[in-house]
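Participant: This is what each chain is made of:
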Amino acid sequence: MEIKVEKPNPWTASVRLKSVFSSFMFIGLISLVFALFDDKTRAWHAYLIGLFYFTSLALGGLFFASIQHLTNAGWSVNIRRITESLTAFLPWAAGLTVIFVLGNFNMDFQVYDWFNKDIIAKDGLLQHKEAYLNPTFFIIRTVIFFGLWLFLCKKIIGNSIKQDESGDVSLTHKAVPLSIAFLGVFALSYSLYSVDTLMSLEAHWFSTIFGVYCFAGLFQSTLAVIILIIGHLLKKGIINKYVNENHLHDMGKFLFAFTVFWAYIAFSQYMLIWYSNLPEETIFFEPRQSGTWLYVSFSLILFKFIVPFFALLPKWAKRNISHLSAVCILLLVMQFVDLFWLVYPNIKKNHEFMFGFQEVGVFLGFLGLFMYSVAKFLSSHPVVPYRDPRIHESMDHHVVY
Amino acid sequence: MPKNPIETLENLLRPASKPGLVGIWMDEHKLVDAAQKVRESGVKNFNAISPFPLHGIDDAMGIPRSFIPWVTFVMGLTGCSLGVLFTWWASAVDWPLIIGGKPMWSLAAFIPVIFELTILFAALSSVAALFFLAGLPKIDPVIIDPDLTSHKFALFVPEGVEGYNRQELEQLFKEMGADEVRSAEF
Numbered sequence: 001m002e003i004k005v006e007k008p009n010p011w012t013a014s015v016r017l018k019s020v021f022s023s024f025m026f027i028g029l030i031s032l033v034f035a036l037f038d039d040k041t042r043a044w045h046a047y048l049i050g051l052f053y054f055t056s057l058a059l060g061g062l063f064f065a066s067i068q069h070l071t072n073a074g075w076s077v078n079i080r081r082i083t084e085s086l087t088a089f090l091p092w093a094a095g096l097t098v099i100f101v102l103g104n105f106n107m108d109f110q111v112y113d114w115f116n117k118d119i120i121a122k123d124g125l126l127q128h129k130e131a132y133l134n135p136t137f138f139i140i141r142t143v144i145f146f147g148l149w150l151f152l153c154k155k156i157i158g159n160s161i162k163q164d165e166s167g168d169v170s171l172t173h174k175a176v177p178l179s180i181a182f183l184g185v186f187a188l189s190y191s192l193y194s195v196d197t198l199m200s201l202e203a204h205w206f207s208t209i210f211g212v213y214c215f216a217g218l219f220q221s222t223l224a225v226i227i228l229i230i231g232h233l234l235k236k237g238i239i240n241k242y243v244n245e246n247h248l249h250d251m252g253k254f255l256f257a258f259t260v261f262w263a264y265i266a267f268s269q270y271m272l273i274w275y276s277n278l279p280e281e282t283i284f285f286e287p288r289q290s291g292t293w294l295y296v297s298f299s300l301i302l303f304k305f306i307v308p309f310f311a312l313l314p315k316w317a318k319r320n321i322s323h324l325s326a327v328c329i330l331l332l333v334m335q336f337v338d339l340f341w342l343v344y345p346n347i348k349k350n351h352e353f354m355f356g357f358q359e360v361g362v363f364l365g366f367l368g369l370f371m372y373s374v375a376k377f378l379s380s381h382p383v384v385p386y387r388d389p390r391i392h393e394s395m396d397h398h399v400v401y
Numbered sequence: 402m403p404k405n406p407i408e409t410l411e412n413l414l415r416p417a418s419k420p421g422l423v424g425i426w427m428d429e430h431k432l433v434d435a436a437q438k439v440r441e442s443g444v445k446n447f448n449a450i451s452p453f454p455l456h457g458i459d460d461a462m463g464i465p466r467s468f469i470p471w472v473t474f475v476m477g478l479t480g481c482s483l484g485v486l487f488t489w490w491a492s493a494v495d496w497p498l499i500i501g502g503k504p505m506w507s508l509a510a511f512i513p514v515i516f517e518l519t520i521l522f523a524a525l526s527s528v529a530a531l532f533f534l535a536g537l538p539k540i541d542p543v544i545i546d547p548d549l550t551s552h553k554f555a556l557f558v559p560e561g562v563e564g565y566n567r568q569e570l571e572q573l574f575k576e577m578g579a580d581e582v583r584s585a586e587f
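Protein chains in written order, with our numbering: chain A, 1 to 401; chain B, 402 to 587.
Among the clues, some could well be false.
To be verified - List of simulated lysine-lysine pairs, DSSO-like, C-alpha gap at most 30 Å: (1) B/445 with A/315; (2) B/575 with A/4; (3) B/445 with B/431.
Worth flagging that the hints you see were computed from the coordinates, not collected in a lab. Values in this document were obtained by computation on a predicted structure and should not be read as measured data.
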């Protein structure tokens with residue numbers, strides 16, 4: 001028995017949305033050029049925040065889609081295409097990473113100390129770590145990671161889009177081994193990627209939970225973006241027949257769970273370092289609890305955990321899209337603050353607090369490009385995978401608690 | 402001669418049953434529709450018995466939301482506050498010890514304890530509230546029909562509840578396609 005589900009109305013970016021993301025991209029480009037003339041170190045650090053932020057979102061979309069395939073989830077079918085749309089940024093991320101690496105081969109400047117032969121020569125610890133932390137191996141790793149991500153992304157997303165035309169049930173089965181492969185690759189590669197790009201900014205420091213910490217932020221912000229896109233499509237009346245408040249409720253529960261998860265991981269990292277009080281570990285927190293950085297650290301605890309925790313606790317809060325969207329925007333802003341807090345205190349050597357047009361402008365540029373790629377994806381494919389064999393579970397989705 | 406304590410406990414846990422009218426369906430969708438009709442006819446406080454959770458039965462019967470989430474929330478906050486109070490009193494007031502050169506009152510070290518107490522209080526009191534609300538544990542509950550735990554669905558209206566009218570209810574149950582309508586104890 002096959003009951004037909006109607007194809008959803010196509011969505012196109014409104015003129016207003018298009019002008020928003022084009023102006024963001026323009027602002028980003030101008031800010032980057034000015035920032036490079038002003039202070040190269042600062043400019044590339046700002047660039048790194050945007051790069052890591054949106055690469056993580058693109059991977060997060062694929063991660064979400066993969067766990068739905070892996071668990072054979074029926075409830076999420078109607079929102080799966082939205083999660084898949086985030087991956088449209090992944091090819092851009094690869095290109096922007098190339099620019100980042102090229103920018104760092106500049107003779108007079110590097111974001112990473114271990115790119116610089118002179119610094120390594122004077123630093124015993126960096127010499128010790130050179131077998132892993134060296135530019136050649138870094139480039140090899142990055143190429144492998146992006147290669148695997150792009151390959152599996154093309155396979156999994158291509159599979160899903162093919163089903164819109166053929167309605168072939170076997171494509172659903174094919175997605176399972178691909179998702180398992182991606183999740184395995186993702187677990188290892190994202191952890192190493194976060195170590196390579198963020199943790200090694202302070203190459204003397206190490207934390208084995210760092211990859212998990214970055215993953216917690218990735219998933220929290222991915223869920224927030226997905227909910228915001230759902231909210232936009234509901235407002236435009238595109239998916240109102242497909243997505244009801246029960247889907248929102250489940251997404252809200254997901255968001256709540258990973259808000260707690262982030263706090264749990266962040267605290268685990270902090271407590272062990274605080275307790276053992278070893279100089280090679282405390283060098284990470286020392287600058288972050290002095291001066292203006294102390295307030296930034298407190299703002300993370302307050303606005304990335306305590307406020308969203310209580311804001312997402314009641315049942316009604318998770319079923320109300322405007323309330324949920326407000327929390328999501330807060331969490332996305334805090335994800336930026338989190339990366340800013342991870343990256344900026346590493347700017348040598350005074351750990352000075354700096355925040356200005358460079359950081360905001362460059363980030364907006366990345367945001368514009370991300371919005372552009374996601375909008376392009378959503379306008380060129382049906383916004384609901386309407387021929388997925390499990391779609392009826394999602395059409396009638398109902399949660400009691 | 403003293404009574405057997407086990408027997409006393411059993412008697413205490415044996416639920417009192419009430420006489421009433423029962424309708425039994427073989428199809429859960431019909432039961433949900435019937436529950437809706439019974440509620441609309443003005444009957445309050447009736448029971449639905451089903452071998453598995455039914456989507457939409459809460460709305461059909463007009464069951465308000467359970468207050469268990471509030472028990473969880475309030476007891477979670479209580480556990481949290483007690484955790485703060487206890488760790489502070491034990492480590493900084495009653496028996497101060499210097500450990501690893503840390504201050505007596507070191508919040509970071511106590512958060513695991515505070516967290517665990519929050520979860521313990523919230524979880525145990527939620528379960529306790531559930532047992533209380535559901536009248537559990539029950540020993541030898543009255544059985545209307547043994548098949549209600551496998552493939553049959555029933556509505557039970559106790560005698561004398563608000564809006565109870567035997568003839569009308571029997572009529573309604575039959576109209577809604579009940580396979581069996583009879584008097585029962587529950």
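Participant: Confirm or reject each hint.
Facilitator: How the hints compare with the structure:
1. B/445 with A/315: 26 Å, holds
2. B/575 with A/4: 35 Å, violated
3. B/445 with B/431: 19 Å, holds
The structure does not agree with numbered hint 2 stated previously, though it agrees with all others.
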